[in-house]
Amino acid sequence: AYAVISLVVRSNDGIDFALRHYDGYVIDDLPDNDDNQNSSLAKTEILKKAVAFTGSLAERQGVLTRVEELLERADLPLRPAEALFFYVAVAITAVIGSFFFFDSFLIAIAVVIGALLLPNFYVGFRAKRRKKKFVRQLPDMLQLLAGTLRAGYSVSQGFESVSREIEDPMGRELRRVMTEARLGRLLEDALEATGRRM
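1411 is the number of the first residue of the sequence shown in our numbering; add one for each residue after it.
There's no promise every hint is true.
Claimed, not checked - Okay, derived cross-link-like pairs now, EDC-like style, lysine to aspartate or glutamate, Cα gap no bigger than 16 Å in a straight line:
{"no.": "1", "residue 1": "K1541", "residue 2": "D1578"}
{"no.": "2", "residue 1": "K1542", "residue 2": "D1485"}
{"no.": "3", "residue 1": "K1542", "residue 2": "D1578"}
{"no.": "4", "residue 1": "K1538", "residue 2": "E1479"}
{"no.": "5", "residue 1": "K1543", "residue 2": "E1577"}
{"no.": "6", "residue 1": "K1541", "residue 2": "E1570"}
{"no.": "7", "residue 1": "K1538", "residue 2": "E1482"}
{"no.": "8", "residue 1": "K1543", "residue 2": "D1578"}
{"no.": "9", "residue 1": "K1542", "residue 2": "E1590"}
{"no.": "10", "residue 1": "K1538", "residue 2": "D1485"}
{"no.": "11", "residue 1": "K1541", "residue 2": "E1479"}
As the list claims (entries may be wrong) - Cβ pair distances, simulated, as ranges:
{"no.": "12", "residue 1": "F1511", "residue 2": "R1574", "range": "40 to 46 Å"}
{"no.": "13", "residue 1": "G1562", "residue 2": "L1526", "range": "52 to 58 Å"}
{"no.": "14", "residue 1": "Q1471", "residue 2": "V1505", "range": "20 to 26 Å"}
{"no.": "15", "residue 1": "F1512", "residue 2": "Q1553", "range": "55 to 61 Å"}
{"no.": "16", "residue 1": "L1596", "residue 2": "V1505", "range": "46 to 52 Å"}
{"no.": "17", "residue 1": "D1485", "residue 2": "L1527", "range": "16 to 22 Å"}
{"no.": "18", "residue 1": "G1524", "residue 2": "E1455", "range": "28 to 34 Å"}
{"no.": "19", "residue 1": "R1595", "residue 2": "R1546", "range": "23 to 29 Å"}
{"no.": "20", "residue 1": "A1411", "residue 2": "D1513", "range": "45 to 51 Å"}
Hint data in this document are derived by calculation from the structure and do not stem from the laboratory.
By construction, the Cβ of each residue, glycine as well, lies at the ideal position given by its N, Cα and C atoms.
When you get a sec, could you build the whole thing from the sequences and use the hints?
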């Protein structure tokens, strides 16, 4: 239940939080303490150490980058190390709980398989749905961009204007592109990154 709730509830981390001042919104009433600003799902020291260990292990195996890409594509506000840790924790809990609560070995195996496959299915489903919506919005976005260019806007001004007009996920991705461009990244590189992500 905690893992499902954590997928729905957004935390103040990730690129959106880090770049909040550039997007035109400011989150008030944050304490000055750096530890409180970096809020995460792992609140206790033991959980933080477990998440850090999981993250370092996954990074050595080359899994962390892949998980980060999947979470970005699905637009889930989770840190990769935390997502992996809670995925493993839920799987282990499902294994132990299923053998305690069910007399049938087959039911226990079904619960374990479900605990292992459902999170992957959910992330993949969200990513595919978001990608389809993004692709459907592409012609409208290009028409709006062409209109802004005909009206005399520069390319970057056109993208800025379109990002405010069009709804998510296209609007969100374009706002991210413009934020990265304001921070010094080439517009072409930011757009290529969006293309790879979407």
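List in ascending order the numbers of the hints, as given earlier, that are violated by the structure. 6, 9, 12, 20
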